[in-house]
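The sequence shown begins at 1 in full-length UniProt numbering and counts up one residue at a time.
It is worth saying that the hints were derived from the structure and are not from the lab. Incorrect hints may have been included.
To be verified - Each pair of labels, with its calculated beta carbon distance range:
| no. | residue 1 | residue 2 | range |
| --- | --- | --- | --- |
| 1 | 171 | 46 | 18 to 24 Å |
| 2 | 207 | 116 | 26 to 32 Å |
| 3 | 225 | 37 | 46 to 52 Å |
Since the structure is predicted, the reported quantities are computational estimates derived from the model, not experimental observations. Glycine included, every Cβ here is placed at the ideal spot set by N, Cα and C.
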Amino acid sequence: MAGPVRALSFDLDDTFWDVWAAVARAEAALHAWLAERHPPIAARYTPLGLRALGAEIAQAEPAIALDLSERRRRALCLAAERCGCARGFVVEEAFAVFYASRNRVEFFPGVLAVLERLAAHYPLIALSNGNADLGLVGIAHHFRFALNAVAVGAPKPDPRMFLAAAERLGLTPGTIVHIGDHPEHDVLGALRSGYRSVWFNPGGAAWAAPDYRPDAEIAAFDQLEAVLQRWD
């Protein structure tokens with residue numbers, strides 16, 4: 001049986017910010033840098049073309065499929081090789097351009113204010129399948145720690161990330177609430193792991209899964225505290 005709420009876990013991408021908007025900006029920044037520093041790569045590959053190279057590498061090398069950063073690095077190296085630019089190409093310079101921009105996100109309304117208030121009352125953690133950096137994003141001071149698919153060796157909805165977080169917090173899963181946008185990765189993953197789940201559904205989508213449901217649903221972050229008060 002679930003007890004009082006003792007900690008909160010949050011998804012990041014598409015829960016705190018629009019991830020594909022951030023990625024698109026980062027890919028555009030990287031492409032502009034490549035056009036200036038390594039023109040043959042930019043001439044041959046569009047931003048989406050470079051993204052497709054990453055998917056190609058992940059299919060060929062399943063061992064790195066979960067590591068989005070390594071996939072991006074490998075894609076850049078492969079593009080440089082195919083364009084005859086490998087000599088003089090420093091992949092970490094190129095990746096740094098992409099990654100800095102990827103972490104310049106635009107928060108959804110209410111996120112920052114709600115995090116500040118909640119951090120005063122609960123331990124907050126982040127559980128993500130992505131590669132955002134809380135420090136670069138600017139919210140690390142609110143969080144005890146963050147886990148991702150690379151760190152635990154499996155993506156949500158696999159229970160390993162949720163259970164590893166509960167163990168690290170020293171709490172039973174039933175006392176942790178997970179908040180996220182994805183019906184499978186976040187809601188199902190949380191429920192399978194014994195967490196309570198809050199579905200962040202700003203678009204008002206209908207719930208589609210017939211065999212499980214979130215414990216609560218919010219359309220905006222300023223609704224979250226009222227949900228937690230009911231459980232406390």
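Is it true that the C-beta distance of residue 207 to residue 116 lies inside 26 to 32 Å, as the hint says? holds (30 Å)
That 46 to 52 Å hint for residue 225 and residue 37 (C-beta), does it hold up? holds (47 Å)
Outcome for the supplied range 18 to 24 Å, where the beta carbon pair is residue 171 and residue 46: Violated, at about 46 Å.
Violated hint for the displayed structure: number 1, the only one.
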